[in-house]
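Undergrad: Here the structure of chain L is known, so what remains is to put chain R in place on it, guided by the hints.
Protein chains: 2
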Amino acid sequence: MAVHEDAPLAGLTVLEVSSFVAAPLGGMTLAQLGAQVIRIDPIGGGPDWRRWPLAPSGTSLYWTALNKGKRSVTLSFRAPEGQRLLGDLLTASGHDGGIVLTNAIGQDWLSHSALSRLRPDLIHLQIQGHRDGRAAVAYTVNAATGFPLITGPEGLDGPVNHVLPAWDVACGLYAAVGLLAAVRRRERTGVGSEITLALADVALAVAGHLGFLAEAQISGADRPRIGNHLYGSLGRDFQTADGKRVMVVALTRRHFADLAFATGLTSTFAELERLLHADFSKDGDRYCHRQVITALLEPWFAGRTLADIERVLSGTSVLWSRYRSFGDLAGEGTLGKSPLLQEITQPGVGPVYAPGSPLVMDGAAGPCAAPELGADTGSVLTGLLGLTATEVQALAQRGIIGGS
Amino acid sequence: MAVHEDAPLAGLTVLEVSSFVAAPLGGMTLAQLGAQVIRIDPIGGGPDWRRWPLAPSGTSLYWTALNKGKRSVTLSFRAPEGQRLLGDLLTASGHDGGIVLTNAIGQDWLSHSALSRLRPDLIHLQIQGHRDGRAAVAYTVNAATGFPLITGPEGLDGPVNHVLPAWDVACGLYAAVGLLAAVRRRERTGVGSEITLALADVALAVAGHLGFLAEAQISGADRPRIGNHLYGSLGRDFQTADGKRVMVVALTRRHFADLAFATGLTSTFAELERLLHADFSKDGDRYCHRQVITALLEPWFAGRTLADIERVLSGTSVLWSRYRSFGDLAGEGTLGKSPLLQEITQPGVGPVYAPGSPLVMDGAAGPCAAPELGADTGSVLTGLLGLTATEVQALAQRGIIGGS
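Those sequence lines, one after another, are chains L and R.
Taking the working numbering, I'd label the letters of the first sequence as residues 1 to 404.
Taking the working numbering, I'd label the letters of the second sequence as residues 1001 to 1404.
No wet-lab data here; the hints were simulated from the structure.
From the three backbone atoms N, C-alpha and C, an ideal C-beta is built for every residue, glycine too.
Warning: the hint list may mix true and false statements.
As the list claims (entries may be wrong) - Here are the simulated SDA-like pairs of lysine to any residue, each with C-alpha atoms no more than 25 Å apart in a straight line:
| hint | chain 1 | residue 1 | chain 2 | residue 2 |
| --- | --- | --- | --- | --- |
| 1 | R | Lys1282 | L | Lys244 |
| 2 | L | Lys244 | R | Ala1135 |
| 3 | R | Lys1282 | L | Pro153 |
| 4 | L | Lys244 | R | Leu1156 |
| 5 | L | Lys282 | R | Lys1282 |
| 6 | R | Lys1244 | R | Ser1325 |
| 7 | R | Lys1282 | R | Arg1254 |
| 8 | L | Lys244 | R | Arg1225 |
| 9 | L | Lys282 | R | Arg1134 |
| 10 | R | Lys1244 | R | Gln1291 |
| 11 | R | Lys1337 | L | Ile105 |
| 12 | L | Lys244 | L | Pro153 |
| 13 | R | Lys1337 | L | Thr196 |
| 14 | R | Lys1244 | L | Gly129 |
What the hints assert, rightly or not - Calculated Cβ distances over 12 Å to all of chain L for the following chain R residues:
| hint | residue |
| --- | --- |
| 15 | Thr1091 |
| 16 | Asn1142 |
| 17 | Phe1261 |
| 18 | Gly1264 |
| 19 | Leu1296 |
So here's chain L without its partners, still in its complex pose:
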């Protein structure tokens, strides 16, 4: 991959022994800022290697999306010699290496205590389900948080799961934060870090950081399910005359005044405020009277096409967006126009628009393709460990390493 020499994380080397979303996303976040991230898999691939969705070739669009810009090494995880090679890579990864990111649980040879014997300055971050070591995935963690019971249409009975694996995403980004914080400490003090990060803790922490846990403790009651309304202010989806949907938000006094003006409802809302003894410049009042306010807005949206609505609302402070499907995004040329995405050629997939890091900063590179499984095994072992091509070939023949 094309790493800029002035990339923020140029020089860092991270060994990643991972699967699924959180750990791979954490590693890729660092890779897209210039770190060398070497993903190490068992020969033949980990449990996520063929995960859906798949390209017609059988290549996983999921795996390739989560491993862009990494190098891929495959080893025998069972053979002591394979395990030892990971330790050798750790030792050989230099002053800015000695970093392991993993979500492998119950593998002694990957534990902090085993690996810190090889590198006392080891930075080791282990992602697990629960803090006590029990397994969990984003779907079970989400069920335990409270969000599914307040997501979805008003009046619905039962939970609505997230399709977005939001806890995996947050967990992967927390992992990147934890590793960089530990790198800073090591650069100042020479001391490594043992870090654990539980997916269930991430969900509970975020629920707490957003006030949901305090609300439940103070009120002693559950927040009601309010469909697509925005809690605590004014926002909802509306249907347009041409069968589209738009999400419209008036978070501040100015947004609401602009929305009222744009829809010709300024005096109607003023009259309504008097009738209800309300003050719609306050977000609490907009929220309490959301049903009547949005009922008055509905006909305005229902009577106009998306193009009409766009014409009227653009140039105002009103926050709004059309709802788009992923197919719309891919089909409308939106992806090609975004500076976030670039067309890459992904082995097994072909040309595809892929995102780089959303962090726009000097030296952050655009997206690179994901490696083919094991493609860098030889070059990493020769480059980092100084093995000869013959030695690499012998290891491959004996099934200690995979081949490219």
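TA: Chain R in isolation, oriented as in the chain L frame:
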């Protein structure tokens, strides 16, 4: 706040000029790892100062949750003298300071170009809605991604919004990553960073990193709405005999074999595989036949209480969780038992369990209360800028700073 001297980010000073979720969460993430984060608000508070949910006292449970462990300074944002004080703090914040995190848009005095004149080594991260400067919030960004149209019950028409502001959360964590990456580069090279991070880019990047964008480009079609089923493998919610719900996931061959055995369906599923010419050890086949598999599982769950189910499934590899509401979480004593949370006394709220960082590492502190608005104005100006108490008082009397 009680910062450990060996905290990973001890010594760092970050000035945060923020509101709502993303920037405050980014700053708090650093504060919980030991950075000194000074949140600077206009006198009287920013637009999020009274945001719902509220405690009976009127204190925002949202604001206090997102600003734990920070120091709070209030200044006049309009008076040139107030603006200058922020510049003075930036200059005075030392070798490990000079860091600004903001989501204020269109304020020239907070821009990278203005502030980098004061500190050439400035690290400046600005969160915005779209990369081109247009405003957006998590609710409008989400509408544009495609997720709302595939979230929610099968057969439902229309979008289902996230209640979790997932894009704000991801954006705040990306901000923390970006700042730490820039800190590392500055420590190595002395060079500061101008970083921009758009909420809309975060959503599009994550959608891409998870394979949704590639899938839409390759298949040319939209993924169908599949309710609470897990895409690409086997997982769904089930009702229990005592009216509870559980989420059950069989992500691997072993999970599925354990689930089949626990529910007494091993031979039924084996027979079904023969009938359907399927192989349920493959996640794709479990996914394709999810309706019949889960239909066969349903009666087992419907005939058992939660306690029964727990007895049978615990000790197996099957991933599962009961659905809990936030009220359940607060009422069941779950919060008091989690080592992630500690009881703090939050001014305006009272005693409440609040989460620290989910990153478990040496020197990461437990949760601290959020400050009262402006409570640290005097101590920050005397401590960091060396003003006398009389000078501080004079500034407060002239309305240049808020008071504690």
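Undergrad: Each hint needs a verdict: does it hold in this structure or not?
TA: Now for the hints, and whether the structure bears them out:
Using a Cα cut-off of 25 Å, the hinted pair Lys1282 of chain R and Lys244 of chain L is violated, with the two alpha carbons roughly 38 Å apart. Taken as a hint, the Lys244 of chain L and Ala1135 of chain R pair is honoured in the structure, with Cα atoms around 22 Å apart against an allowance of 25 Å. Among the hinted pairs, Lys1282 of chain R with Pro153 of chain L is inconsistent with the structure: their alpha-carbon atoms are about 34 Å apart, more than 25 Å. Between Lys244 of chain L and Leu1156 of chain R, the direct Cα distance comes to roughly 15 Å. Compliance with the 25 Å bound is thereby established for this hinted pair.
For a cut-off of 25 Å, the pair hint linking Lys282 of chain L to Lys1282 of chain R is broken: about 54 Å separates their Cα positions. Note on Lys1244 of chain R and Ser1325 of chain R: the hinted pairing holds, with a Cα-Cα distance of about 11 Å set against a maximum of 25 Å. This hinted pair checks out: Lys1282 of chain R and Arg1254 of chain R have alpha carbons roughly 11 Å apart, not beyond 25 Å. Proposed proximity of Lys244 of chain L and Arg1225 of chain R is supported: the alpha carbons are some 18 Å apart, at most 25 Å.
This hinted pair checks out: Lys282 of chain L and Arg1134 of chain R have alpha carbons roughly 24 Å apart, not beyond 25 Å. Between Lys1244 of chain R and Gln1291 of chain R, the direct Cα distance comes to roughly 21 Å. Compliance with the 25 Å bound is thereby established for this hinted pair. Taken as a hint, the Lys1337 of chain R and Ile105 of chain L pair is honoured in the structure, with Cα atoms around 23 Å apart against an allowance of 25 Å. At most 25 Å may separate the alpha-carbon atoms for a hinted pair to count; Lys244 of chain L and Pro153 of chain L meet this at roughly 18 Å.
Restraint check for Lys1337 of chain R and Thr196 of chain L: satisfied, since their Cα atoms lie roughly 18 Å apart, inside the 25 Å limit. Only pairs whose Cα atoms come within 25 Å are accepted, and Lys1244 of chain R paired with Gly129 of chain L is accepted, the gap being roughly 23 Å. Thr1091 of chain R, annotated as away from the interface, keeps every beta carbon of chain L farther than 12 Å; the closest lies near 22 Å. Non-interface call for Asn1142 of chain R relative to chain L: violated, since the shortest CB-CB distance, roughly 8 Å, does not exceed 12 Å.
Distance check for Phe1261 of chain R against chain L: the nearest CB is about 17 Å away, which clears 12 Å, and the non-interface claim stands. Distance check on Gly1264 of chain R: its Cβ is at least 22 Å (rounded) from any Cβ of chain L, clearing the 12 Å threshold; non-interface status holds. Its beta-carbon lying about 20 Å from the closest one in chain L, Leu1296 of chain R satisfies the requirement of being farther than 12 Å from that chain.
Consistency note: the structure conflicts with the earlier hints numbered 1, 3, 5, 16.
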